[in-house]
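Peer 1: Residues per chain, in single letters:
Protein chains: 2
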Amino acid sequence: MTDTLTTETTGDRAAPPATGGHRIDPKMHAARSWFAELGQRAEARLGALEAQAGAAAGPEGLDANPESPPTGGFQVSAWERPRGARSGGGGTLSVLRGRVLEKVGLHVYTVFGEFPTDLRDKMPGAARDPRFWSTGISLTIHPMNPHIPSAHYSSRLIVTSRGWFGGGCDLSPALPRIDDTMTFHAALREVCDQSALAGGPGDYDRFKAWCDDVFFLPHRNTPRGVGGLFFDDLNSRDWSLDFTFVKEVGTTFLKTFETIARRHLDEPFTAEERRRQQVHRGRLAEFTLLNDRGVMAGLKTHGNPDAVLVGMPPEARWP
Amino acid sequence: MTDTLTTETTGDRAAPPATGGHRIDPKMHAARSWFAELGQRAEARLGALEAQAGAAAGPEGLDANPESPPTGGFQVSAWERPRGARSGGGGTLSVLRGRVLEKVGLHVYTVFGEFPTDLRDKMPGAARDPRFWSTGISLTIHPMNPHIPSAHYSSRLIVTSRGWFGGGCDLSPALPRIDDTMTFHAALREVCDQSALAGGPGDYDRFKAWCDDVFFLPHRNTPRGVGGLFFDDLNSRDWSLDFTFVKEVGTTFLKTFETIARRHLDEPFTAEERRRQQVHRGRLAEFTLLNDRGVMAGLKTHGNPDAVLVGMPPEARWP
Numbered sequence: 001m002t003d004t005l006t007t008e009t010t011g012d013r014a015a016p017p018a019t020g021g022h023r024i025d026p027k028m029h030a031a032r033s034w035f036a037e038l039g040q041r042a043e044a045r046l047g048a049l050e051a052q053a054g055a056a057a058g059p060e061g062l063d064a065n066p067e068s069p070p071t072g073g074f075q076v077s078a079w080e081r082p083r084g085a086r087s088g089g090g091g092t093l094s095v096l097r098g099r100v101l102e103k104v105g106l107h108v109y110t111v112f113g114e115f116p117t118d119l120r121d122k123m124p125g126a127a128r129d130p131r132f133w134s135t136g137i138s139l140t141i142h143p144m145n146p147h148i149p150s151a152h153y154s155s156r157l158i159v160t161s162r163g164w165f166g167g168g169c170d171l172s173p174a175l176p177r178i179d180d181t182m183t184f185h186a187a188l189r190e191v192c193d194q195s196a197l198a199g200g201p202g203d204y205d206r207f208k209a210w211c212d213d214v215f216f217l218p219h220r221n222t223p224r225g226v227g228g229l230f231f232d233d234l235n236s237r238d239w240s241l242d243f244t245f246v247k248e249v250g251t252t253f254l255k256t257f258e259t260i261a262r263r264h265l266d267e268p269f270t271a272e273e274r275r276r277q278q279v280h281r282g283r284l285a286e287f288t289l290l291n292d293r294g295v296m297a298g299l300k301t302h303g304n305p306d307a308v309l310v311g312m313p314p315e316a317r318w319p
Numbered sequence: 001m002t003d004t005l006t007t008e009t010t011g012d013r014a015a016p017p018a019t020g021g022h023r024i025d026p027k028m029h030a031a032r033s034w035f036a037e038l039g040q041r042a043e044a045r046l047g048a049l050e051a052q053a054g055a056a057a058g059p060e061g062l063d064a065n066p067e068s069p070p071t072g073g074f075q076v077s078a079w080e081r082p083r084g085a086r087s088g089g090g091g092t093l094s095v096l097r098g099r100v101l102e103k104v105g106l107h108v109y110t111v112f113g114e115f116p117t118d119l120r121d122k123m124p125g126a127a128r129d130p131r132f133w134s135t136g137i138s139l140t141i142h143p144m145n146p147h148i149p150s151a152h153y154s155s156r157l158i159v160t161s162r163g164w165f166g167g168g169c170d171l172s173p174a175l176p177r178i179d180d181t182m183t184f185h186a187a188l189r190e191v192c193d194q195s196a197l198a199g200g201p202g203d204y205d206r207f208k209a210w211c212d213d214v215f216f217l218p219h220r221n222t223p224r225g226v227g228g229l230f231f232d233d234l235n236s237r238d239w240s241l242d243f244t245f246v247k248e249v250g251t252t253f254l255k256t257f258e259t260i261a262r263r264h265l266d267e268p269f270t271a272e273e274r275r276r277q278q279v280h281r282g283r284l285a286e287f288t289l290l291n292d293r294g295v296m297a298g299l300k301t302h303g304n305p306d307a308v309l310v311g312m313p314p315e316a317r318w319p
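These protein sequence lines map, in sequence, to chains U and X.
Note that full-length UniProt numbering has the first sequence beginning at 1, numbered continuously upward.
Note that full-length UniProt numbering has the second sequence beginning at 1, numbered continuously upward.
Bound-form chain U, shown alone (with noise of 0.2 Å):
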């Protein structure tokens, strides 16, 4: 059971960490910083664009979303595990409902205590103490408009008798453009050759694979949208440039999906497109409860079914 509490989004996101027996080093203090204040630039960027595009929108989009105030805004909520001896945290829920983006879900957490058994030997450094802390952000984007793609990045730092990072993006269009995709795909080149470049663990050709495999849904034979990067087990052994790469994908993602979106906020779209954005926003749906090894994970073990479904589509259709 969860206590949710409504807090402000310049809430405490940065206190110091629960630490569930963990020695919290500054590494794992700058990761949780880094990924709070990613949240708040997301909530800034985002925020912003709505505003700005939402009051051009008009009523008409209003209409198709009547749980938006006109303003827009996230709608944030604080929430906490009972705090056990060995287990515990919370995380900060951010809900944005607008006319431009129909639905943003940001989820910023920290959470530690044990693994269950069946994941002990999965998870590194877990054999040999089954303690872990972890620290993340999770962000879906949803445009009302079916010419913008629905988009995700996560990103997290996960501790054991290791430490390594996880993350990834990307896009998943209604009706994809190849011109987005291209500027997806270029920027996240971008990141990955500039870490590669400084002996980082940059790597665009594996990480571009391994998102294909994973954002993939075997009962449809088909991927999920079109791609973008994965990385997981994530320790070159120099922290500084992984650190450095982490944060840059998130930034790129966050600049490159602003970028992509402005292209086409004021295409005009018919029902019929509306439509199949609600059919694709189904496939999404599936792979997220189906296929999503983080959500199963999550659900397990995370107690907070809402901040693990954060992400879902806010409407979806199986005509």
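What the hints contain is simulated information worked out from the structure, not anything from laboratory work.
Among the clues, some could well be false.
Any copy will do: because identical chains look the same in the list, a pair fits if it lies in one copy or spans two.
[As the list claims (entries may be wrong)] Derived SDA-like pairs (lysine to any residue); straight-line CA-CA distance at most 20 Å: (1) Lys300 - Leu290; (2) Lys255 - Ala53; (3) Lys300 - Arg283; (4) Lys122 - Ser161; (5) Lys300 - Asn221; (6) Lys247 - His185; (7) Lys208 - Lys247.
Guided by the hints, dock chain X onto chain U, whose structure is given.
Peer 2: This is chain X only, laid out in the frame that chain U set:
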């Protein structure tokens, strides 16, 4: 991969089944014919309800579901697995998109093959010989009016070196009504009691509790509806009594659903009630994709995701 072709409702559902190396005895024939007949009864009764009440509902309902032709009616398609030496089969998929019955999904199938290794220990009789033959029906009804509950019925005969029936039915109202819940459970209790009285396998208390246990969303700690019946491994060594019970549950479900639906046909509903219904359908989608073991198995072995997922709600919301 599946070949899909459109056939008439009055197609060859009762034609001699493919055998997959099984000797098809008269009982297997009888079960297959019964599920086909029940499917046709469902089409006839629900089609008539839609034709009659849908015409009265007028264009408002139609606007809400532009996929529906004004006259309603089931769209029927047959699918077939490419026949290997040891696996094959197929089914008939019927979908009604109406003004009153927003979406009815019906699947009648006969499939055969070999259980994958990890299922052989779990399926009765499969350790000795992994081959199976199965015939069954699945029916899901999602009405437009949120005062009429969504409802589900399915049943099947599975034959390995043993043979048994499984099945169940339940109501999932967005806005539960105690009178509907009582009507539904009273009818199911009557079927079970009549069966028990004749020495058959009906056991209302056990099958109701089993249903409550199975149709439950652990991640939200909530049932998916107001329950019904669930049974599996039904083989009391008196085929005739088992088969009679299975048939009675099917006809009772159809009749009782219609009784409940007709109570609320003219009941007005608000946009807010409709939105609550769509959020509730998000929960049903979560159950189907996260928790429904039949769906999991079907997606892994069936080869036809549209048939396995025919019960998905027409529209779902995660606001």
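Peer 1: Evaluate Lys300 and Arg283 at a C-alpha cut-off of 20 Å and name the case that applies: within, between, both or neither.
Peer 2: between (22 Å within a copy, 17 Å between copies)
Peer 1: Classify it for me, Lys208 with Lys247: is the Cα-Cα distance of at most 20 Å met within a copy, between copies, both or neither?
Peer 2: Within. Shortest intra-copy distance 18 Å satisfies the 20 Å Cα cut-off; inter-copy 53 Å does not.
Peer 1: For Lys300 vs Leu290, is the C-alpha pair at or below 20 Å within one copy, between two copies, both, or neither?
Peer 2: Both: 14 Å inside a chain and 11 Å across chains, each within 20 Å.
Peer 1: When no copy is named, should Lys300 and Asn221 be tagged within, between, both, or neither for a Cα gap of at most 20 Å?
Peer 2: For Lys300 and Asn221, the Cα distance is within 20 Å only across copies (12 Å; inside one copy 27 Å).
Peer 1: Using 20 Å as the alpha carbon limit, work out where Lys255 and Ala53 are close: within a copy, between copies, both or neither.
Peer 2: within (16 Å within a copy, 52 Å between copies)
Peer 1: 20 Å Cα cut-off: does Lys122 pair with Ser161 within a copy, between copies, both or neither?
Peer 2: within (13 Å within a copy, 37 Å between copies)
Peer 1: For Lys247 vs His185, is the C-alpha pair at or below 20 Å within one copy, between two copies, both, or neither?
Peer 2: within (17 Å within a copy, 57 Å between copies)
In this structure, every one of the numbered hints holds.
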